[in-house]
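Here is how the chains run, residue by residue.
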Amino acid sequence: MQRREFFKQLGAATAVAAVALPTMSFAADAKPSGPNKMSFETALNAITGGKTPVKSDKIKIKVPEIAENGAVVPVTATVDSPMTDSDYVKSIHILAGGNSNARCIDVNLTPANGKAMFSTRIKLGGTQEVSAVAVLSNGEVLIASQSVKVTIGGCG
Amino acid sequence: MAEKRKSLIKIKPKKYKDGEVVKVDFMVMHPMDTGMGKDKKTKEIIPAKYINSVKFNYNGKEITNMTVWESLSVNPVFTTNMKINGAGKLTVTFTDNTGEVHETSTKIKPKG
Amino acid sequence: MDISRRDFMHIAAILGIGAVASGCASKGVKTPAQVSLKDIYAFKSMGNFTLLHMCDIHAHLKPLYWREPSTLISAPNLVGTPGFLCGEAFAKHYGLEPSSLDAYFDTHMDFDTLAKKFGKMGGISHMKTYLDHVRSERGKENVLFLDSGDTWQGTGVALKTDGEAIVKAQNYLGVDIMTGHWEFTYGKERVLELIEMLDAKFIAQNVIGNDPFADDYEELIFSPYTIEERGGAKIGVIGQAFPFTSTANPKEFTEGWSFGIRPETLQDYVDELRNEHKVDCVVVISHDGFSVDQEVARMVNGIDFILSGHTHDPSPAPIVINGTVIVIAGSHGKYVGRLDVDARDGKVHGYEYKLVPIASNMIPADPAGDKLIEELYAPFADEFNEVLGKTKNTLYKRDTFFSTFDQLINDAIIDEMKCDISFTPGYRWGTTVLAGDDILMDNVYEMCGITYPNVYTFELKGKQIANLLEDIADNVFNANPLYQQGGDMSRLGGVTYSIAVAGEAGKRISKLMIGGQPIDLEKTYVVSSWGGNLQNAGMNLQKDKIRPVYDVVRDYIKREKVVDVSNEGNVTLVDYECGCPTKGSTSC
Chain X
1 MQRREFFKQL GAATAVAAVA LPTMSFAADA KPSGPNKMSF ETALNAITGG KTPVKSDKIK
61 IKVPEIAENG AVVPVTATVD SPMTDSDYVK SIHILAGGNS NARCIDVNLT PANGKAMFST
121 RIKLGGTQEV SAVAVLSNGE VLIASQSVKV TIGGCG
Chain C
1 MAEKRKSLIK IKPKKYKDGE VVKVDFMVMH PMDTGMGKDK KTKEIIPAKY INSVKFNYNG
61 KEITNMTVWE SLSVNPVFTT NMKINGAGKL TVTFTDNTGE VHETSTKIKP KG
Chain L
1 MDISRRDFMH IAAILGIGAV ASGCASKGVK TPAQVSLKDI YAFKSMGNFT LLHMCDIHAH
61 LKPLYWREPS TLISAPNLVG TPGFLCGEAF AKHYGLEPSS LDAYFDTHMD FDTLAKKFGK
121 MGGISHMKTY LDHVRSERGK ENVLFLDSGD TWQGTGVALK TDGEAIVKAQ NYLGVDIMTG
181 HWEFTYGKER VLELIEMLDA KFIAQNVIGN DPFADDYEEL IFSPYTIEER GGAKIGVIGQ
241 AFPFTSTANP KEFTEGWSFG IRPETLQDYV DELRNEHKVD CVVVISHDGF SVDQEVARMV
301 NGIDFILSGH THDPSPAPIV INGTVIVIAG SHGKYVGRLD VDARDGKVHG YEYKLVPIAS
361 NMIPADPAGD KLIEELYAPF ADEFNEVLGK TKNTLYKRDT FFSTFDQLIN DAIIDEMKCD
421 ISFTPGYRWG TTVLAGDDIL MDNVYEMCGI TYPNVYTFEL KGKQIANLLE DIADNVFNAN
481 PLYQQGGDMS RLGGVTYSIA VAGEAGKRIS KLMIGGQPID LEKTYVVSSW GGNLQNAGMN
541 LQKDKIRPVY DVVRDYIKRE KVVDVSNEGN VTLVDYECGC PTKGSTSC
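Protein chains in written order, with my numbering: chain X, 1 to 156; chain C, 1 to 112; chain L, 1 to 588.
Chain X with its partners taken away, still in its complex shape (with noise of 0.2 angstroms):
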């Protein structure tokens, strides 16, 4: 039903666009609620701090080129990186930069992951780029995206 939630989500992004929902700040320890609205650069931001991500080979996005189902779409990232107590990966971020809320999930991991992994399923609204963002315990920042197309088909 690839379609019927495609167009529920673009009818929805405008109904949303309409009411005017105010941008939440989120702060540390509170939790999501209510519908969000939140452009790819205010949740880049408030993950990285401002700090601009660098393009990196040790970050891998896995998503598929033609969604499926803009409704299910899996995504899979991963980081080259150590997992010691001095050196790992401290998050893995997801953003979807085409969703009225391009912030998707925030993964906080520990040494005790044993490998930087994390994979999920996401709702896409239309083709749009989605990304990847780590956070590594030094405070680099590393970002891979990739383009996902979500379409209608309409051949065979």
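Don't read these hints as lab results, they were simulated from the structure. Treat the hints with caution; some may be incorrect.
30 angstroms max Cα-Cα, derived DSS-like pairs, lysine-lysine [claimed, not checked]:
#1 Lys58(X) x Lys10(C)
#2 Lys51(X) x Lys62(X)
#3 Lys111(C) x Lys115(X)
#4 Lys111(C) x Lys37(X)
#5 Lys40(C) x Lys523(L)
#6 Lys507(L) x Lys583(L)
#7 Lys12(C) x Lys55(C)
#8 Lys15(C) x Lys31(X)
#9 Lys507(L) x Lys41(C)
#10 Lys41(C) x Lys523(L)
#11 Lys37(X) x Lys461(L)
#12 Lys92(L) x Lys4(C)
#13 Lys461(L) x Lys418(L)
#14 Lys38(C) x Lys461(L)
#15 Lys418(L) x Lys347(L)
#16 Lys507(L) x Lys461(L)
#17 Lys37(X) x Lys43(C)
#18 Lys115(X) x Lys55(C)
#19 Lys120(L) x Lys38(L)
#20 Lys83(C) x Lys111(C)
#21 Lys371(L) x Lys120(L)
#22 Lys43(C) x Lys115(X)
#23 Lys38(L) x Lys371(L)
#24 Lys12(C) x Lys188(L)
#25 Lys30(L) x Lys92(L)
#26 Lys561(L) x Lys461(L)
#27 Lys43(C) x Lys92(L)
#28 Lys43(C) x Lys545(L)
#29 Lys278(L) x Lys347(L)
#30 Lys62(X) x Lys545(L)
#31 Lys12(C) x Lys62(X)
#32 Lys6(C) x Lys55(C)
#33 Lys60(X) x Lys10(C)
#34 Lys55(X) x Lys23(C)
#35 Lys40(C) x Lys115(X)
#36 Lys40(C) x Lys38(L)
#37 Lys523(L) x Lys38(C)
Chain C is nowhere near these chain X residues, computed Cβ spacing over 10 angstroms in every case [claimed, not checked]:
#38 Phe40
#39 Ala112
#40 Gly139
Keep in mind it's a predicted model, so treat the numbers as computed, not measured. We treat Cβ as the ideally placed atom computed from N, Cα and C, and that holds for glycine.
Add chains C and L to chain X, keeping to what the hints say.
Frame of chain X, contents of chains C and L only:
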């Protein structure tokens, strides 16, 4: 208010040793409504109801915590790694924006 | 990409340059009386085993006419390369003689005249005669017959038997291994049932369970590969089903299964076959499409041969990318690909390839095949053989934007549904009915025999229609084959538009007119569509009008008696001067 929710923790591979890094899948039946979708029939906005926090706790130590926003798919899946460090219990706790709190656990039994 | 100089020399050395133009045994153009079976069968056999290949026969058990596209446009980087060649550009690229048997099979040029001269194409009885010829020449134990899918769907007999008639035909032909795409439109349960009836192995490395609560979550649904021994060689064959099955066809048929290209796991299986099983040769039977498989060959190392399918290209010569030889054998049973391979000691030492036209007037029918067809068709003969009417002009399917048979379908839908716009899908399967010929009900099923045949009538805003068209255009014309789905543009009735193929996504279409008036983005239009899922985006679905498209078309032809569809298209190409441009050019 809290409904009974089907949830599952899977460890891959099924057999593992101490010190091994395994994959952990946590999945739960949850609508993950963004608060922006409309009911197709009534045309009314479906109120937001989505998981907003997930925590993985292994033998009393929090190894991963997640802040979750509304873009995750219905019946979400969360997959991370975990380094096996002795027998015990892995507990996943999650809350949603309407105040539901759930907890689910699995035994960790390394072989050899 | 074109073949590199080195690859070309390699092919030329093995094939002998003259053989690159398949079946063209002599320089002069031969009349059908002069083209002998010997010319069609001619092959310099070599190596220790033979792979026979078919793809996209779309359930055509009987011979048919099939006209290749008169327009095959894509992004400028792809135009004029294998997979995006047609007409004169195709003939030039492969060195075909005009009016030859090969030109008749491979291009649309002079089709009606040549059809009269050379007759119908394909058919399992004729195919079987050729297959058996190779089996007896090479020894049965040295031949492997591979099927890249889109086999079970495309005709009335397939539809009425839920695919079973075609499985029987595959068993008769002796298919050894297959993968799929349209197969899945019979639904998961039926697919598994049919596989039970099938003698061949059904393999796919890219179909994975995706229901988190099911036992098969993230597990393979089918075997990813099989290892076969032929001519003393261990041959590893990996299956690659159509990666976009769940977007191109209704999702409910494959609920809980995920597809995708999955190049990472493909690489893993190639490595596993080489390192653990020590195979001599790695073959992928693929339904990715010819252009996507060229990308796959760039991404995945160590594949010797990709036997491709999906995009219906007849490719007389293989292309070689990153050491991988890619072939594709047209569609509708028109061809069998013959690939002789010399593989020993974990390595391919040489090969020879020919795309063999199944010219059914020249290759005799195997009587057992004719008998099987008769049995399979008998229960439906009265319905299928009903003459619905005649056609004044040739009805064909293939073209990037417009075709006469699709226009006929749109005319029928508009006539019955009284809609402003009719959408007919840009599939690449169907049939061709020659000017002046009868149109049988069987022909209608050949054009629209699918398991989700309903025509839906509903409302869409002008803005939605414009967005939809752009979305579909990007699936067809994206410069990166990985973002294409390998079909043609949806065919629109009641609409004219201009298109700049090389334009950026969302900005290709202009001068969009509906019912002769410029589109009003705010206006609500009545739209009918079938074979897709547009209805899910629509409002105010007219439930009382829902009816299978083949019934709508049948009734229309019966009302009209003689149909007269003009070959005047409804789409104006802005950035190309013709339908079959050559590489690097916008003209022919």
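Hint by hint, here is what the structure shows:
1. Lys58(X) x Lys10(C): 27 angstroms, holds
2. Lys51(X) x Lys62(X): Between Lys51(X) and Lys62(X) the Cα gap is close to 24 angstroms, so the pair holds against 30 angstroms.
3. Lys111(C) x Lys115(X): 21 angstroms, holds
4. Lys111(C) x Lys37(X): This hinted pair is violated, its Cα atoms lying about 48 angstroms apart.
5. Lys40(C) x Lys523(L): Holds, because 22 angstroms separates the two Cα atoms, which is no more than 30 angstroms.
6. Lys507(L) x Lys583(L): 24 angstroms, holds
7. Lys12(C) x Lys55(C): The given pair, whose Cα atoms are some 19 angstroms apart, holds under the 30 angstroms limit.
8. Lys15(C) x Lys31(X): Not OK: Lys15(C) and Lys31(X) at ~36 angstroms, beyond 30 angstroms, violated.
9. Lys507(L) x Lys41(C): Violated - the C-alpha atoms of Lys41(C) and Lys507(L) are around 34 angstroms apart, more than 30 angstroms.
10. Lys41(C) x Lys523(L): 23 angstroms, holds
11. Lys37(X) x Lys461(L): 27 angstroms, holds
12. Lys92(L) x Lys4(C): Cα-Cα ~68 angstroms, so violated.
13. Lys461(L) x Lys418(L): Holds - the C-alpha atoms of Lys418(L) and Lys461(L) are around 17 angstroms apart, at most 30 angstroms.
14. Lys38(C) x Lys461(L): 19 angstroms, holds
15. Lys418(L) x Lys347(L): At roughly 62 angstroms apart (the allowed maximum being 30 angstroms), Lys347(L) and Lys418(L) break the hint.
16. Lys507(L) x Lys461(L): 18 angstroms, holds
17. Lys37(X) x Lys43(C): The given pair, whose Cα atoms are some 22 angstroms apart, holds under the 30 angstroms limit.
18. Lys115(X) x Lys55(C): 17 angstroms, holds
19. Lys120(L) x Lys38(L): 19 angstroms, holds
20. Lys83(C) x Lys111(C): 14 angstroms, holds
21. Lys371(L) x Lys120(L): The hint holds at about 19 angstroms.
22. Lys43(C) x Lys115(X): 45 angstroms, violated
23. Lys38(L) x Lys371(L): 26 angstroms, holds
24. Lys12(C) x Lys188(L): Distance ~27 angstroms between Lys12(C) and Lys188(L) Cα, so the pair holds.
25. Lys30(L) x Lys92(L): The hint holds at about 18 angstroms.
26. Lys561(L) x Lys461(L): Roughly 35 angstroms between the alpha carbons, so the hint for Lys561(L) and Lys461(L) is violated.
27. Lys43(C) x Lys92(L): With a Cα-Cα distance of about 58 angstroms, the restraint between Lys43(C) and Lys92(L) is violated, given a limit of 30 angstroms.
28. Lys43(C) x Lys545(L): Holds, because 24 angstroms separates the two Cα atoms, which is no more than 30 angstroms.
29. Lys278(L) x Lys347(L): 10 angstroms, holds
30. Lys62(X) x Lys545(L): 44 angstroms, violated
31. Lys12(C) x Lys62(X): Holds, at roughly 20 angstroms.
32. Lys6(C) x Lys55(C): The given pair, whose Cα atoms are some 17 angstroms apart, holds under the 30 angstroms limit.
33. Lys60(X) x Lys10(C): 24 angstroms, holds
34. Lys55(X) x Lys23(C): Within the cut-off at roughly 26 angstroms; holds.
35. Lys40(C) x Lys115(X): Violated, at about 43 angstroms.
36. Lys40(C) x Lys38(L): 65 angstroms, violated
37. Lys523(L) x Lys38(C): 23 angstroms, holds
38. Phe40: At roughly 12 angstroms from the nearest Cβ of chain C, Phe40(X) sits farther out than 10 angstroms, so the non-interface label holds.
39. Ala112: Ala112(X) not clear of chain C: closest Cβ-Cβ about 4 angstroms, inside 10 angstroms.
40. Gly139: The assertion about Gly139(X) holds, with a minimum of 20 angstroms to chain C.
Taken one by one, the earlier hints fail for this structure at numbers 4, 8, 9, 12, 15, 22, 26, 27, 30, 35, 36 and 39, listed in ascending order.
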